[in-house]
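Novice: I would like the entire structure built from these sequences, with the hints used as guidance.
One line per chain: the protein sequences are U and Y, in this order.
If you're matching positions, the first sequence starts at 1 in my numbering and goes up one per residue.
If you're matching positions, the second sequence starts at 1 in my numbering and goes up one per residue.
Keep in mind the hints are simulated off the structure, nothing from the lab.
For every residue, glycine included, the Cβ atom is placed at its ideal position computed from N, Cα and C.
Do not rely on the hints blindly, as some may be mistaken.
As the list claims (entries may be wrong) - Below are the EDC-like pairs computed for lysine to aspartate or glutamate, each with C-alpha atoms no more than 20 Å apart in a straight line:
{"hint": "1", "chain 1": "Y", "residue 1": "229", "chain 2": "Y", "residue 2": "146"}
{"hint": "2", "chain 1": "U", "residue 1": "62", "chain 2": "U", "residue 2": "278"}
{"hint": "3", "chain 1": "U", "residue 1": "220", "chain 2": "Y", "residue 2": "3"}
{"hint": "4", "chain 1": "U", "residue 1": "101", "chain 2": "U", "residue 2": "5"}
{"hint": "5", "chain 1": "Y", "residue 1": "6", "chain 2": "U", "residue 2": "211"}
{"hint": "6", "chain 1": "Y", "residue 1": "6", "chain 2": "U", "residue 2": "208"}
{"hint": "7", "chain 1": "U", "residue 1": "102", "chain 2": "Y", "residue 2": "3"}
{"hint": "8", "chain 1": "Y", "residue 1": "109", "chain 2": "U", "residue 2": "63"}
{"hint": "9", "chain 1": "U", "residue 1": "42", "chain 2": "U", "residue 2": "63"}
{"hint": "10", "chain 1": "U", "residue 1": "102", "chain 2": "U", "residue 2": "211"}
{"hint": "11", "chain 1": "Y", "residue 1": "109", "chain 2": "Y", "residue 2": "3"}
{"hint": "12", "chain 1": "U", "residue 1": "102", "chain 2": "U", "residue 2": "205"}
{"hint": "13", "chain 1": "Y", "residue 1": "249", "chain 2": "Y", "residue 2": "73"}
{"hint": "14", "chain 1": "Y", "residue 1": "61", "chain 2": "Y", "residue 2": "47"}
{"hint": "15", "chain 1": "Y", "residue 1": "249", "chain 2": "Y", "residue 2": "40"}
{"hint": "16", "chain 1": "Y", "residue 1": "6", "chain 2": "U", "residue 2": "213"}
{"hint": "17", "chain 1": "Y", "residue 1": "229", "chain 2": "Y", "residue 2": "243"}
{"hint": "18", "chain 1": "U", "residue 1": "101", "chain 2": "U", "residue 2": "278"}
To be verified - Example chain Y residues on the side facing chain U (calculated, C-beta under 10 Å, incomplete):
{"hint": "19", "residue": "3"}
{"hint": "20", "residue": "8"}
{"hint": "21", "residue": "48"}
{"hint": "22", "residue": "50"}
{"hint": "23", "residue": "53"}
{"hint": "24", "residue": "100"}
{"hint": "25", "residue": "120"}
{"hint": "26", "residue": "124"}
{"hint": "27", "residue": "125"}
{"hint": "28", "residue": "149"}
{"hint": "29", "residue": "153"}
{"hint": "30", "residue": "157"}
{"hint": "31", "residue": "164"}
{"hint": "32", "residue": "179"}
{"hint": "33", "residue": "181"}
{"hint": "34", "residue": "219"}
This is what each chain is made of:
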Amino acid sequence: MTARERRNLSLQLFILPAVILIAVYLYYPIINTIYLSLFEIKNFNLDQRVFIGLNNYTKLLKDPTFWLAFRNTVLIASATIFVQMPIAFLLADFLSNQIRKKHPHLETWLLLALFFPIVLPTPVLAKSWRLFFVGLQGAGFGPFEWITLKLGLTNLITSFFKTKTVLLLQELNTALWVVIAIQTWARIGFNLLIYRSAILSITSEIYESAEMDGAGPWTKLFYITTPLTRNVISVTIILAILGVFQLFDMIWMLTNQCQPLNTTQVLATYMYTRSFVDLRTGYGSSIAITILITALVLSLVERWFFRESK
Amino acid sequence: MKDLQKTSYIVIMLLLTITVLFLNLLPIYQTIVNSFKSVDDYNGAGEYAGKGANVFLPPHKWTLSSFVYFFQETSALRAYLNNTIIAVSCVFLLEVVGSVTALILAQYKVRFTDRVVQFLIGGQAIPIVMTILTTFLITRALHWLDTYQGAIIALTAQSLPFTIFLFYSYYIDLPRELLDAAEVDGASFWQVFTRIVLPMSGTIVATVGILIFIFTWATYLIGLVVLRKEQMYILSMVINNMEISLRLKIPVFFASFVMFSLPMIIVARWAQRYIATGMLAGAVKE
Chain U
1 MTARERRNLS
11 LQLFILPAVI
21 LIAVYLYYPI
31 INTIYLSLFE
41 IKNFNLDQRV
51 FIGLNNYTKL
61 LKDPTFWLAF
71 RNTVLIASAT
81 IFVQMPIAFL
91 LADFLSNQIR
101 KKHPHLETWL
111 LLALFFPIVL
121 PTPVLAKSWR
131 LFFVGLQGAG
141 FGPFEWITLK
151 LGLTNLITSF
161 FKTKTVLLLQ
171 ELNTALWVVI
181 AIQTWARIGF
191 NLLIYRSAIL
201 SITSEIYESA
211 EMDGAGPWTK
221 LFYITTPLTR
231 NVISVTIILA
241 ILGVFQLFDM
251 IWMLTNQCQP
261 LNTTQVLATY
271 MYTRSFVDLR
281 TGYGSSIAIT
291 ILITALVLSL
301 VERWFFRESK
Chain Y
1 MKDLQKTSYI
11 VIMLLLTITV
21 LFLNLLPIYQ
31 TIVNSFKSVD
41 DYNGAGEYAG
51 KGANVFLPPH
61 KWTLSSFVYF
71 FQETSALRAY
81 LNNTIIAVSC
91 VFLLEVVGSV
101 TALILAQYKV
111 RFTDRVVQFL
121 IGGQAIPIVM
131 TILTTFLITR
141 ALHWLDTYQG
151 AIIALTAQSL
161 PFTIFLFYSY
171 YIDLPRELLD
181 AAEVDGASFW
191 QVFTRIVLPM
201 SGTIVATVGI
211 LIFIFTWATY
221 LIGLVVLRKE
231 QMYILSMVIN
241 NMEISLRLKI
251 PVFFASFVMF
261 SLPMIIVARW
271 AQRYIATGML
281 AGAVKE
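Specialist: This is how it looks when you write it as structure tokens:
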């Protein structure tokens with residue numbers, strides 16, 4: 001054994017901490033959760049677990065709240081892909097292809113003003129909007145109610161949304177839509193930053209020659225910018241899907257544990273509710289596995305889709 | 001035709017920009033206006049009786065009383081300490097473990113390097129939310145519930161794949177000759193690491209530090225699962241519980257938003273370019 005081989009052997013020891021941490025906290029949970037999902041476990045009492053095979057999964061398929069949570073997650077994912085990302089992309093195009101050329105300083109400030117919600121802690125965003133819509137729970141009104149009252153819009157809003165009050169975040173048929181709107185808004189800045197630097201990396205000669213041919217801003221957006229940033233768009237879609245399937249803090253805090261009546265449950269919050277509030281670990285595990293599988297399948301589908309059309 | 005395109009483009013873009021700006025500024029406006037109000041002013045009680053609840057307009061009198069209340073009457077100070085301990089420890093651990101691991105994998109031929117890299121960096125694809133159940137069980141088995149190390153080790157493990165990825169993509173481009181030359185002169189691995197590699201890693205160390213700080217400062221779910229005693233609460237948990245404990249003191253609630261965000265705003269303002277770099281690295285990793 002040469003000195004170098006001996007040294008490399010000792011270097012292997014130094015990568016052990018990382019390997020152990022990742023194995024224990026990220027890979028082991030997959031196996032363990034699959035295992036737990038085959039048992040009926042109450043109050044985290046692992047010693048008294050009862051093997052029930054795939055019963056948790058068959059129960060899951062008949063559980064209306066699970067399907068509601070699943071539908072809500074899909075809705076939020078769709079809003080992210082079809083509303084949030086186009087908005088971010090349009091803004092990025094506007095900033096980097098129009099404003100930056102004429103007013104570079106203005107662009108810096110606009111960019112900052114447009115993306116700063118992403119550097120604020122999610123709990124602050126969630127609770128701030130909650131207070132805006134709800135105010136003092138059961139003890140007075142919030143800014144939204146105050147504004148609608150001052151502007152005389154109360155009747156218009158309640159009849160438009162068919163609700164009893166203007167507390168849209170607490171009404172059965174509007175809570176979910178408020179949540180979707182806020183979640184969609186919250187991550188615009190993240191995609192804006194990514195798209196902006198992708199667009200800036202396109203060489204300006206392409207745009208210049210298009211301009212000579214008389215291309216307008218929409219033409220350039222659809223025939224130059226979009227095709228040339230397609231890889232980045234594809235990656236942001238994967239990131240968004242993975243993110244939405246893990247969405248917890250925002251929904252949990254915005255709707256105070258998914259009130260009213262579980263209407264705003266998403267997969268992650270439902271998993272938490274079942275395992276840590278109702279203390280049914282086995283059932284919670286089966287939801288966790290659903291999250292894992294759906295996220296994996298969706299990102300594979302997405303990757304395949306973008307590869308095929310290249 | 002071209003003019004029509006131009007006009008419609010400008011109109012739509014301006015509308016979009018204004019809408020997003022408005023939505024961004026609304027929560028900030030209400031937070032600032034309400035956090036500098038006294039509770040009586042907000043509720044329309046006490047010396048402000050008869051004026052009605054002042055929930056959205058600027059305060060009649062600007063005051064710091066809500067901030068004072070936040071620090072004196074709630075468990076906020078303790079939560080600040082907990083947040084700081086957890087965030088700083090995570091940053092430190094991740095910098096050390098991440099950089100050493102990435103350097104060895106990127107520059108030294110150890111056995112199974114490629115597979116180890118795949119294993120470590122591939123951890124990024126696992127949805128962290130689904131690991132939370134097992135994390136609770138592991139922490140309980142180690143008797144680490146309600147301890148700092150319980151939260152710190154779990155958070156460190158969760159961010160490790162991303163950290164290693166950032167360091168790895170930086171170290172893979174280091175010139176091999178540089179390290180070889182040092183070794184010929186008899187420098188050990190640690191001497192190479194501390195005297196040659198670390199001084200060259202300023203940007204990446206800063207990027208990792210800032211991203212991890214931002215991530216751990218605002219973390220919630222790990223706290224919910226691991227830190228269950230009130231004196232171990234982190235800020236996000238304190239803020240979530242205020243809805244019950246501070247029913248009639250909404251301005252204090254808003255003051256807590258300012259205090260919770262301030263460290264993140266300072267870090268972000270001071271290190272804007274690192275944040276952009278880090279996010280991009282994460283986004284274009286494939």
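Novice: Look at each hint and say if it fits the structure.
Specialist: These are the hints, each one checked on the structure:
1. 229/Y to 146/Y: holds, 6 Å
2. 62/U to 278/U: It holds: about 18 Å lies between the C-alpha atoms, which stays within 20 Å.
3. 220/U to 3/Y: holds, 14 Å
4. 101/U to 5/U: violated, 56 Å
5. 6/Y to 211/U: Measuring from Cα to Cα gives roughly 12 Å; hence the hint holds.
6. 6/Y to 208/U: Holds. Residue 6/Y to residue 208/U sits at ~16 Å (cutoff 20 Å).
7. 102/U to 3/Y: holds, 19 Å
8. 109/Y to 63/U: violated, 52 Å
9. 42/U to 63/U: holds, 18 Å
10. 102/U to 211/U: Answer holds: residue 102/U to residue 211/U is near 16 Å, not above 20 Å.
11. 109/Y to 3/Y: Roughly 61 Å separates the two Cα atoms, so the pair is violated.
12. 102/U to 205/U: holds, 17 Å
13. 249/Y to 73/Y: holds, 12 Å
14. 61/Y to 47/Y: holds, 11 Å
15. 249/Y to 40/Y: Distance of about 9 Å is within 20 Å: holds.
16. 6/Y to 213/U: Holds, at about 15 Å.
17. 229/Y to 243/Y: holds, 18 Å
18. 101/U to 278/U: Between residue 101/U and residue 278/U the Cα gap is close to 57 Å, so the pair fails against 20 Å, i.e. violated.
19. 3: holds, 8 Å
20. 8: Because about 7 Å separates residue 8/Y from the closest Cβ in chain U, which is inside the 10 Å limit, the hint holds.
21. 48: violated, 13 Å
22. 50: violated, 15 Å
23. 53: holds, 6 Å
24. 100: holds, 6 Å
25. 120: holds, 6 Å
26. 124: holds, 9 Å
27. 125: holds, 8 Å
28. 149: Hint violated; residue 149/Y Cβ to chain U Cβ min 13 Å, cut 10 Å.
29. 153: holds, 7 Å
30. 157: Cβ of residue 157/Y sits 3 Å from chain U, so the hint holds.
31. 164: holds, 6 Å
32. 179: Because about 12 Å separates residue 179/Y from the closest Cβ in chain U, which is outside the 10 Å limit, the hint is violated.
33. 181: violated, 15 Å
34. 219: holds, 9 Å
Taken one by one, the earlier hints fail for this structure at numbers 4, 8, 11, 18, 21, 22, 28, 32 and 33, listed in ascending order.
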